[in-house]
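> Each chain, written out:
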Amino acid sequence: MTNGWVDIKNTDMMLIMGGNPAENHPCGFKWAIEAKRNRNAKIISVDPRFTRTSAVADLFCQIRAGSDIAFLGGVINYAIENNRIAHEYLVNFTNAAFAVNNAFKLPGDTDGVFSGFDAGKFTYDRSTWNYAGPGAAVPAGAAPGALPPMPANVDYDLTLQNPNCVFQLLKKHYSRYTPEMVERITGIPKAQFLKAADTYTSIRKDGDMKQVGTVIYAVGWTHHSFGTQIIRTAAMLQLLLGNVGRAGGGVNALRGHSNIQGATDMAGLYDTLPGYLKVPTPADANFDAWMKRATPTSSQPAPWQSWNYYSNTSKFTVSLMKAFYGDAATKQNDWAFDYLPKVDRDYSWTYLWNDMYDGKVKGMLAFGMNGVAIGPDTNKNIDALKKAEWLVVGEIYPDETSEFWRSPRVLAQGDQNQIQTTVYRLPCAGFAEKDGSFSNSARWLLWKNTAVPLPGDCRLDHGIVAQIFLKVRELYNKEGGKFPDPILNLTWAYSEPQNPPLFEVLKEMNGKALADLEDPATKQQIKAGQQLPGFAWLKDDGTTSCGIWIYSGAYTEAGNQTARRDPSDPSGMGVHPGWGWSWPANRRVLYNRASCDVAGKPWDPSRKQVWWNEDSKKWVGNDVPDFKADSPPKDHMGPFIMNAEGVGRIFAPLSAFADGPFPEFYEPIESPLANLLHPERSTNPVVTKFKDTDDKFGTVKDFPIICTTFRLTEHYHYWTKNNPMNVQLVPEPFIEMAAEMADEMGIRGGEKVKVSSARGEYIAKAMVTKRIKSMLIDGKKTYQIGIPFHWGYRGIAEDEGKTARDLANQLTHTATDPNAHTPEFKGFLVKVEKV
Amino acid sequence: METNRRDFLKIAAVGGAAAAVFGFDVKPAYAEMAQLKIARASETRSTCPYCAVGCGTIIYTLGDKAKNVTAQVVHVEGDPDHPTNRGTLCPKGSSLAQDILNDRRLLKPQVRRPGGSQWEDISWENALNEIAARIKKTRDDSFIEKDAAGRTVNRTEAISWIGGCTDTNEFNYLVVKAMRALGVVHLENQARV
Amino acid sequence: MSQPDLLLPHGRILRYHFHERLTHWVAAGSFIYLMLTGLAFWSPWLFWLALVFGGPQISRTLHPWAGLVFFFAVSYMYAMWSAQMYSTENDKEWWKNIEHYTKNEDDRMPPVGRYNPGQKLLFWGFVFCGLLLLASGVVLWFPEYIPWNLRLLRYAAVIVHPGAALLSIGLFMIHIYMSVFAERGAFGSVIRGDVSVEFAKRYHPIWYKEVVGDSTNPPK
Amino acid sequence: MSQETMRIQKMSAHAGAIPGEDTQRTYVVSKLIDTTTCIGCKACEVACMEWNDLPFGETVFDNTYQTMPETRWNYWNLILFNEHEREDGSLQWLMRKNQCMHCADPGCLAACPSDGAIIQYANGIVDFQQANCIGCGYCITGCPFNIPKFNPQTKRVYKCTLCADRVGEGLEPACIKACPTGCLHFGSKDDMKDLAEKRATQLRDHYNFPNAGVYDPAGVGGTGVMYILHDATKPELYGGLPKDPQIPLMVKLWKGPIKWLGNIAMIGGLIGLFIHYLRFGPKDREDQDIREQIALAQEKAAKAAKEKNEEEHP
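Protein chains in written order, with this note's numbering: chain A, 1 to 835; chain B, 1 to 193; chain C, 1 to 220; chain D, 1 to 314.
Rather than coming from a laboratory, the hints here were simulated on the basis of the structure. For clarity, every value in this text was computed on a predicted model and none was experimentally measured. Beta carbons are placed, not taken as given, at the ideal position from N, Cα and C, and that holds for glycine. Honestly, I wouldn't trust all of these hints.
Here's a subset of chain D near chain A, in silico, CB distances under 7 Å, partners left out [to be verified]:
| # | residue |
| --- | --- |
| 1 | Ile39 |
| 2 | Gly40 |
| 3 | Val46 |
| 4 | Thr59 |
| 5 | Thr67 |
| 6 | Trp93 |
| 7 | His206 |
Result set (SDA-like, lysine to any residue): computed pairs, CA atoms no more than 25 Å apart in a straight line [stated by the list, open to error]:
| # | chain 1 | residue 1 | chain 2 | residue 2 |
| --- | --- | --- | --- | --- |
| 8 | A | Lys770 | D | Ala232 |
| 9 | A | Lys386 | A | Gln418 |
| 10 | A | Lys205 | A | Leu59 |
| 11 | A | Lys387 | B | Arg134 |
| 12 | A | Lys210 | D | Asp205 |
| 13 | A | Lys770 | D | Glu87 |
| 14 | A | Lys195 | D | Phe209 |
| 15 | B | Lys108 | A | Lys770 |
| 16 | D | Lys155 | C | Ala135 |
| 17 | C | Lys103 | D | Lys300 |
| 18 | A | Lys292 | A | Thr272 |
| 19 | A | Lys482 | B | Gly87 |
| 20 | A | Lys482 | B | Lys137 |
| 21 | A | Lys121 | A | Ala142 |
| 22 | A | Lys773 | A | Arg681 |
| 23 | D | Lys149 | C | Trp148 |
| 24 | B | Lys108 | B | Ala132 |
| 25 | B | Lys37 | A | Pro455 |
For reference, chain A alone in the conformation it holds in the complex:
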């Protein structure tokens, strides 16, 4: 979230789409209700199903799963056509005025692709996706295929009239997303779409800048083969309306798991290092080459400034290497650059399983992660695990992954005794049995305490990892082996190495001084060994260590900041600066400089976040300014300090995205019709599919119904099927379908139906409801169904034989988003039959 949970209470308008917060984040959703109650705010709910969020919304639109970009593009078009835009914000805080390379072409002009498409390789040469300006040429001697840099000084037109400026391109691009086109693609009747567009953009009616709107989404947007671009479209809309950085505004991802934000920050993912640092590639010959590639250079109109905070990348990275390798990371050995594995291809989730399926991945450690159930394409994952040599599962309940060898699929195939995989199942600790911090969706780090002892023979998860690692290290110590250096030199200086106390780990993550440090400006001193107060102190000379730069400040000399419990909120705006600790630097709303006009005065004086204090010549406020504290407004430094341009990106240049600088509507991989904008280029052109036996794709001829998966408020993923309370609330899996469709098929509520996709089948009872209606997609009657996915083959109801022991992900496919590599769980094709 750019903002936070409590901050939602400050909004006037909510577009809730690709998410169902009333069901999946009920306690956070209270702040949406508070906004309704106290500000007469409105909720627009756009969803394939009428959900419990829709039940309290002021306007509901039933959208075809996967057509979100068409809807949002239509809203952008509406906002521009009706001048419902934040002009001053747009010109000064976004790249709307930036001129774009003449060679850049929009998909409207080039058969559904942007300029630079290689139809053979399904990739883009992105060199034309750049701003215009001096210095935007590929430097001599660069590697073949290297992208040009952004121009140091960008050509611009503050009147926004230049036909090649971002705003004009945006306008042209989305002028194709007419209300009629939106209706044909999304199935939302034109009148209803216009009502939604009018309602949402009404906050900018007659040039008003006081009101604020927020966009709230969840995995209903990410689970697509163009998921990142849906979110981009929303971000662009928010920039267009001047809603980013403002209390009650922003683009708010509601994350689904207690510490999914922390796991992302911590880089439990192949393509990043802690704090969103870029991983080294084999092409990075040494540390400096890596830093040169990873560090952006600023690019903005000449009279403007850009802080370009990522120019500090090397400080963050050296400090990380010092945290990982301590004294073994020196300037002489390139900060142990060789210790890091180099990454130059896609190792993401579906590739991981595909590699295991192909016999390349021999062993897997799965902790708190039910990979078989989570899918996509459960059957493929089961088939992949059959080929693994070993699997280690750390869990608190019996799960589908650890028991893949006795899944219904394996039992039906009868090849259990041929499965050579050795499976270890280790009993782990429940949340109440361990302490440590979670980072919530609002980036708040909150410490929790141990309440009960471990039951039975369970061990702490981090203890198990430590014990395994230390045993491996012992083996390398004793026996030697391939490149043991990173293993032997990894810092593990915890007071109890077998069970590292988590507060010590948090201290390491926060970072400490390795030598005496002094801030030249304030003369503040930090002694060697002391905890750092924040990431501003990080150095790239090896005198600081920090496990994750964005968490620097979480555990300072003042103690564990994540355990702070001061509930006060002096501004009344839900900032709560003394509760826990928020990254970065305890800021609660990101980009909050944008809550002020160019002169540094709040857009809405009744919702003051930060502002320029002319007397102290500083940015001050109710929140920590997300800005260079002493940069006066007249310097025109951009508020989006993490972007090299300093401004919000309506046009995302160069390598930012794999599939285009503007989002274009593409059909889901399995879709009932060809893209109405460009039928020849129907789906996301850079998405590729696996071609294994288990990777089958269906067409509308065989699978005429659109299917989407979802969560219920009564259950949590594949966890609460072990909890008798939640099982009582919703005891059985079901399939939600339109009453009209059920009538046509002769299905009555409660009867068993079989849903099949090209990959697999799923049997559950029908929930026949008026909450889903038939839709006219390009004039053709189309149905959608929804499947809640909380069941499997191990659980209370499952073990009692009350379910078909199917997993919803037996139906889903493995095509992924090219940017985030997230699979397309939503909006695939199925057929439905009465059992």
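Fit chains B, C and D to the supplied structure of chain A, relying on the hints for placement.
Relative to chain A, chains B, C and D alone:
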């Protein structure tokens, strides 16, 4: 508060006397209220492990944390001080007591051997030794120091880690640290899906 | 036609066979229990009655079972006696003279058979109330099985049950009064089974004639 | 006298005065349920189950999100889900938390025959005292909201206590605390009424609900649980919420006129019979024969006198 508040009515003499002869307790119990079950339980502040709202919870446990007590959950309730949830909890958070005290919990290490159809018990020591040996062997067998172009890559593509998203930041940090040190690149997480 | 088997020595006539007496007392016992426990639930002032019978919970538990016993006893009575309980032409005359009956001027009453019309009324009253009490009692016994959309049944039951109970209590009071206080010898008839010739002649002259008939050897 | 009995202001089937009636200053507490912000998440259901440690029961899928068709003896708090199409074609998914309404004039209490089995505290909470419950189920009949539920095993009736144990200690009920959206409110009845009216006004003025209003039915003296409804003219849409709930007429008749008529009849009957006996005595006195002889003698004497008279005055 006492459990029984029976110190009130004197029942009609005849009935009372007659009933007393037969040994019946004749006095109705008026306002027999349940005791506040958390009145003296220990409070521990925690965070709900489910979604990313990160609601503050208070776990009430048996006993006062004295040495001779094995704390067990009595009740779980929202933390009213927590700015986000202000004491509220959803149906999942409200049922956390059933998650903490749940008879489906895994309580001992187990192994399924190749071709096996059942779980077998295994000691922690043996399990960890076997796992460490397998990790080392797989790593040594598959470690790539240089790629086809001769560039240093120092990675193994044969070991994978998949992690859930309900464990702590500190756990994740230790995992990333250890896995990167092993050269693991198939490092993925619920955060992806 | 006489029934010499009913003629006993010492001028006694058998009025009730053993199975009749037993049935009567089964009905009477259960009725008294039902009445007293029922009254306990009827009025807070009488709630102590339930305590006397082992506590209100036990009373609540046993009351319906006692009700079944009562109903079966009444049913058996019906099987035994209903044929004798139908109204006759003579009864109308009796009713016309009811005033004399209440003034103990029995000699002014038309002769009656084994049962006088008042007794017949009592019988039918108990049969009728028994049916109502059973029907409403079953509803009240298992209120949890009466679904919400059939709640009218429960509403009816809470009126019918006390109504029928009140009616039967009224009958009961008259019955006790008549049998214990007014007609001496009647009480003995449901204990020992026999009545005196005088009793039979006085209160049930037609029955007396039926029993004695043209017997040449009338009891002495 | 304990504090607890002083807090009792109404008591079922109690002979004589109620010990706590008007003996303490207090205010009536009340729940306010804003159905317009209810998301049907069932947190209240779970919080209720958890706080009261109620045992789990069997449920089956029934083509609805509703946990079960109606509340159970071990499930006191149930959200009712109803799909409703408005005149303009838009869909409403109405959710109503159903539980004991804690009526000011409780039908259950009126119907209950057991001394102190149902009580109403001075703060308005209607509570079942299972120790005194005899399991007759009259409360089930007396309730216009279908709330009290019978446990066949214990033969007692159970329902929402409004967490009397918590409220007694100064805490809010468990459901109130849990409610994620804040559609549940708790406070003094006066405060809740104010809040309800304000919200209803907001719904009428700023949202498209011209008939929004508050449900606090007068037929049962007002309720300790009030609702804010999108359309207060149609409470039936919310899972059959009665428009004008009353203690059932039959129960009123039974506990009112019939009871008094019956008492009069029974007592009158006893007295009447006694007087009859005094006046007329038994039908067959032990001196029956003497009386007959006396009567005969008197008859004879009268006859003789008459004859004599006739003789004297022919």
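> So which of the earlier hints does this model not fit?
15, 19 and 22
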